[in-house]
Amino acid sequence: AQKVTQAQTEISVVEKEDVTLDCVYETRDTTYYLFWYKQPPSGELVFLIRRNSFDEQNEISGRYSWNFQKSTSSFNFTITASQVVDSAVYFCALSEGPYSGGSNYKLTFGKGTLLTVNP
Amino acid sequence: DARVTQTPRHKVTEMGQEVTMRCQPILGHNTVFWYRQTMMQGLELLAYFRNRAPLDDSGMPKDRFSAEMPDATLATLKIQPSEPRDSAVYFCASGHGSIWWTGELFFGEGSRLTVL
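Residue numbers (this note's numbering), protein chains in the order written: chain G, 140 to 258; chain V, 12 to 127.
Keep in mind that the hints are not guaranteed to be accurate.
Said to hold, decoys possible - Computed cross-link-like contacts, EDC-like style, restricted to lysine to aspartate or glutamate with a CA-CA straight-line distance of at most 16 Å:
| # | chain 1 | residue 1 | chain 2 | residue 2 |
| --- | --- | --- | --- | --- |
| 1 | G | K209 | G | D168 |
| 2 | G | K245 | V | D68 |
| 3 | G | K245 | G | E165 |
| 4 | G | K177 | V | E115 |
| 5 | G | K142 | V | E115 |
| 6 | G | K177 | G | E195 |
| 7 | V | K89 | V | D74 |
| 8 | G | K142 | G | E183 |
| 9 | G | K245 | V | D67 |
| 10 | G | K245 | V | E120 |
| 11 | G | K245 | V | E115 |
| 12 | G | K250 | V | E55 |
| 13 | G | K177 | V | E120 |
| 14 | G | K142 | G | D161 |
| 15 | V | K22 | V | D74 |
Just so you know, these hints were derived from the structure itself, not from any lab. For clarity, every value in this text was computed on a predicted model and none was experimentally measured.
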């Protein structure tokens, strides 16, 4: 069974601080995908990134960066110089790889981390 | 700007009543998901469809929930009879289902259901 753990339920920071959201996953699959989604106060979830299990390169997109470490089964998300608009619930998610018999569309989400960025 | 559209946005009903939630996926997306979000359980997958065929509905209480896709532009989630424990936000999401799927799901704004 797949499992995603986001140990931080809530984080509060002051604008311009860097913040890291932790994500630890469990899976028996040899190929899998990891995701981060953002849920702003408006409610709909917004896709941020997908990583393949066979690609451990870190990724940076503007103020966002992701650190994937297979050895520790972690896929952490860092926001640099946080802004008030970053306030949202952030979800880490996991799905099986593309050769797993057709169920690779099924995402298992963590419980989410509520990030509050104060001015 | 293509979006997933869900109706109703809010629904308050009494226990025992039938509730139907509707979703219009983004045109051209062939994979549709229903998720339920509660404070206690987080986001739970209820059912999903590919090319209108149900692939997995194991997350859904079968005795009272049903999900269908009458056509490619409409997905429905029905609860009959509803119970207070069904109170949650129900999300519909759609995406391109293929082996090279990017993982990008497009979510609707959700239907907030309150069962009294």
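Tested hints:
1. G:K209 to G:D168: holds, 12 Å
2. G:K245 to V:D68: Holds - the C-alpha atoms of D68 (chain V) and K245 (chain G) are around 11 Å apart, at most 16 Å.
3. G:K245 to G:E165: holds, 15 Å
4. G:K177 to V:E115: holds, 12 Å
5. G:K142 to V:E115: With Cα atoms ~20 Å apart, K142 (chain G) and E115 (chain V) exceed 16 Å; violated.
6. G:K177 to G:E195: Violated, because 22 Å separates the two Cα atoms, which is more than 16 Å.
7. V:K89 to V:D74: With Cα atoms ~11 Å apart, K89 (chain V) and D74 (chain V) stay inside 16 Å; holds.
8. G:K142 to G:E183: violated, 22 Å
9. G:K245 to V:D67: Satisfied, since the Cα-Cα distance of roughly 9 Å is no more than 16 Å.
10. G:K245 to V:E120: Outside the cut-off at roughly 20 Å; violated.
11. G:K245 to V:E115: holds, 12 Å
12. G:K250 to V:E55: holds, 10 Å
13. G:K177 to V:E120: holds, 13 Å
14. G:K142 to G:D161: The hint holds at about 14 Å.
15. V:K22 to V:D74: Violated, because 21 Å separates the two Cα atoms, which is more than 16 Å.
Hint violations for this structure: numbers 5, 6, 8, 10, 15, all remaining hints satisfied.
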